[in-house]
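Chains as they are written, first to last, in this note's numbering: chain A, 1 to 358; chain B, 1 to 293.
Bear in mind the hints are in silico, worked out from the structure with no lab data behind them.
We put the beta carbon where it would ideally sit given N, CA and C, even for glycine.
Keep in mind that the hints are not guaranteed to be accurate.
[What the hints assert, rightly or not] Heads up, incomplete: computed chain A residues facing chain B, CB under 7 Å, no partners named:
| hint | residue |
| --- | --- |
| 1 | N146 |
| 2 | V150 |
| 3 | L151 |
| 4 | I153 |
| 5 | V287 |
| 6 | M319 |
| 7 | S323 |
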Amino acid sequence: MAKLNIKKMNKNFRGQLITYAMVIIAFVVMQILIASGSVSYLLQGLMVPLCIYSIVAVGLNLCVGYLGELSLGHAGFMCVGAFSSAFFTKCMLNTGMNETVRFLLALVIGTLTAALFGYLIGIPVLRLRGDYLAIVTLAFGEIIKNVINVLYIGRDSRGFHFSMKDATALGLEEDGEVIVNGAKGIMRIPSQSTFLIGVILLLIALFICFQLVNSRSGRAIMAIRDNRIAAESVGINITGYKLLAFTISAAIAGAGGVLYAHNLATLTAQPANFGYNMSIMILVFVVLGGMGSFRGSVIAAVLLTMIPEILRGLADYRMLIYSIILIAMMLFNWSPKFVAFRQAQMEKLFGKKKKEAV
Amino acid sequence: MSFLSYLINGLSLGSIYAIIALGYTMVYGIAKMLNFAHGDVIMIGCYVVFTMTNSFHLDPLASLGIAIVFCTVLGVCIEKIAYRPLRGANALAVLITAIGVSYFLQNLALIVFGSDTKSFTSIIEAEPLVLAGGKLKIPVITIVTVLSCVVIMAALMLFINKSKAGQAMLAVSEDRDAAQLMGVNVNNTISLTFAIGSGLAAIAGVLLCSAYPTLSPYTGAMPGIKAFTAAVFGGIGSIPGAFIGGILLGVIEIMGRAYISSQLSDAIVFAVLIIVLLVKPTGILGRPIQEKV
Numbered sequence: 001m002a003k004l005n006i007k008k009m010n011k012n013f014r015g016q017l018i019t020y021a022m023v024i025i026a027f028v029v030m031q032i033l034i035a036s037g038s039v040s041y042l043l044q045g046l047m048v049p050l051c052i053y054s055i056v057a058v059g060l061n062l063c064v065g066y067l068g069e070l071s072l073g074h075a076g077f078m079c080v081g082a083f084s085s086a087f088f089t090k091c092m093l094n095t096g097m098n099e100t101v102r103f104l105l106a107l108v109i110g111t112l113t114a115a116l117f118g119y120l121i122g123i124p125v126l127r128l129r130g131d132y133l134a135i136v137t138l139a140f141g142e143i144i145k146n147v148i149n150v151l152y153i154g155r156d157s158r159g160f161h162f163s164m165k166d167a168t169a170l171g172l173e174e175d176g177e178v179i180v181n182g183a184k185g186i187m188r189i190p191s192q193s194t195f196l197i198g199v200i201l202l203l204i205a206l207f208i209c210f211q212l213v214n215s216r217s218g219r220a221i222m223a224i225r226d227n228r229i230a231a232e233s234v235g236i237n238i239t240g241y242k243l244l245a246f247t248i249s250a251a252i253a254g255a256g257g258v259l260y261a262h263n264l265a266t267l268t269a270q271p272a273n274f275g276y277n278m279s280i281m282i283l284v285f286v287v288l289g290g291m292g293s294f295r296g297s298v299i300a301a302v303l304l305t306m307i308p309e310i311l312r313g314l315a316d317y318r319m320l321i322y323s324i325i326l327i328a329m330m331l332f333n334w335s336p337k338f339v340a341f342r343q344a345q346m347e348k349l350f351g352k353k354k355k356e357a358v
Numbered sequence: 001m002s003f004l005s006y007l008i009n010g011l012s013l014g015s016i017y018a019i020i021a022l023g024y025t026m027v028y029g030i031a032k033m034l035n036f037a038h039g040d041v042i043m044i045g046c047y048v049v050f051t052m053t054n055s056f057h058l059d060p061l062a063s064l065g066i067a068i069v070f071c072t073v074l075g076v077c078i079e080k081i082a083y084r085p086l087r088g089a090n091a092l093a094v095l096i097t098a099i100g101v102s103y104f105l106q107n108l109a110l111i112v113f114g115s116d117t118k119s120f121t122s123i124i125e126a127e128p129l130v131l132a133g134g135k136l137k138i139p140v141i142t143i144v145t146v147l148s149c150v151v152i153m154a155a156l157m158l159f160i161n162k163s164k165a166g167q168a169m170l171a172v173s174e175d176r177d178a179a180q181l182m183g184v185n186v187n188n189t190i191s192l193t194f195a196i197g198s199g200l201a202a203i204a205g206v207l208l209c210s211a212y213p214t215l216s217p218y219t220g221a222m223p224g225i226k227a228f229t230a231a232v233f234g235g236i237g238s239i240p241g242a243f244i245g246g247i248l249l250g251v252i253e254i255m256g257r258a259y260i261s262s263q264l265s266d267a268i269v270f271a272v273l274i275i276v277l278l279v280k281p282t283g284i285l286g287r288p289i290q291e292k293v
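All chains should be modelled from the sequences, with the hints used to inform the complete structure.
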């Protein structure tokens, strides 16, 4: 029988195992802490959002870190995933369907709808480059949020009714029910997202991303990032691979959205949860955690979501301190002077120079 | 007549966007970075004017002057502390730092001025201009807004094309290293760019709050994003582009709100932007991106 020898393992594979182990250990530790009652109620409520942000950050990292395209519209994909899955759950609410099956189906539907949007938006958007691509993804995200805010869908014995005006324009019969109520969103969604489901989804998202980037397709995607023209000249299908990565990235964001929708009873598309601010927040996790490092994305998402909660005692000052920490971390991580300083310190400490790459 | 008054409203809003977009586009052209905190400098400028007129009972114009000076200093400080150490680092890192600065300014304003919305008194109190026998009323602030936008544009074009400092800006935006070799002080030029952009932000902020008189710590965020969109629309890095982009965006937004749907006006603006960028990927006046193999 082949022994599991960690040292002989492929370096990539070891990195993956460490990441999975980290997530599982964090989950177990948190569960023990929660069981022993030493975690505040507020912090417990933060567990599912932590998973959501980690999942979306991992998905966005695929787009920003590996594909090399800056997307400011991932909150839009989350929004699509959240609303399509919540709509499905609401429709199936009184049909006597098993709750677990219903949630799994909602998850599949939310993820696939987000993937479809990612694919359709990706076709025109991926023709653009750099900041222009970023602003167009931002625009798409805002359009999605804006359209959902004026969307009304109701159901009665005659079937579904759509309107873009208001709830009365639906013309529902007496037994009718408004499912999507414009700016008021979808109400009374059963909350089914748990910490366990969140962690399982996070592990699945990590698995998919690791498998992708370590495959032939993943190498093609990175080749496009590093040098588009060279990649094209060796016969890599640029548009195809770009679309592949963008679609998967959108699908993962959609899965995060499904979790989000089933975590709160009322789902609305506000600037605070699905606006560009959310996209930017996720981007902060990705950049701070390290572009191209899925493990870093998860760690950054967890830490940065926890900081404002830990600072809660400071009341009004917490977001101010958060922003100062953010700026300081960016300067420390990326400033050329700081980087040189850090390297000099490391040399002093360990007394040897790192080999220069030739 | 209603069409004409919508058009005038659109021109006025567009002028404000254009002034803000100038700040974005100049900083982008010269420092090659997206200054996400620009919208929040606008908000700070508004609060300075608000405090000066309400607490110290200063003349509106004098407080505008103070706000311009304050924002100019603020812009230069932000550049020195947060952006300069990152020169030469990854562009995304600079972007995130700018977002950090934006959070910082918003939360600072939240603590200093409170989260409640203040009602901003217009700096110009005058009877609206009545034309065509009372059918068309034009508020004086609208005229002032459009005029100041045109004056600022003209002055900026003159400054950049005729003065030595302006030529230095052009040189740095063209090729930073070559400009440095030719004896241009790159650091000072970038500081000057931030100073001009932030000073303009103060003017834009006061015009914005005079036309839409509510002031909160998040006042600057959405106009900031819209103006950034306008800058991209016109071709980022190009000053006439920012002007055209801003005016077009303002007119489209007001027309969309009036004739299509008031709730969908933002979606319409962004949809037009997407269409323009798909047809002309570098904006209306943008230069094509050159690729070397």
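Structure-based check of all given hints:
no. : hint : in the structure
1   : N146 : holds (4 Å)
2   : V150 : holds (5 Å)
3   : L151 : violated (10 Å)
4   : I153 : violated (16 Å)
5   : V287 : holds (5 Å)
6   : M319 : holds (4 Å)
7   : S323 : holds (4 Å)
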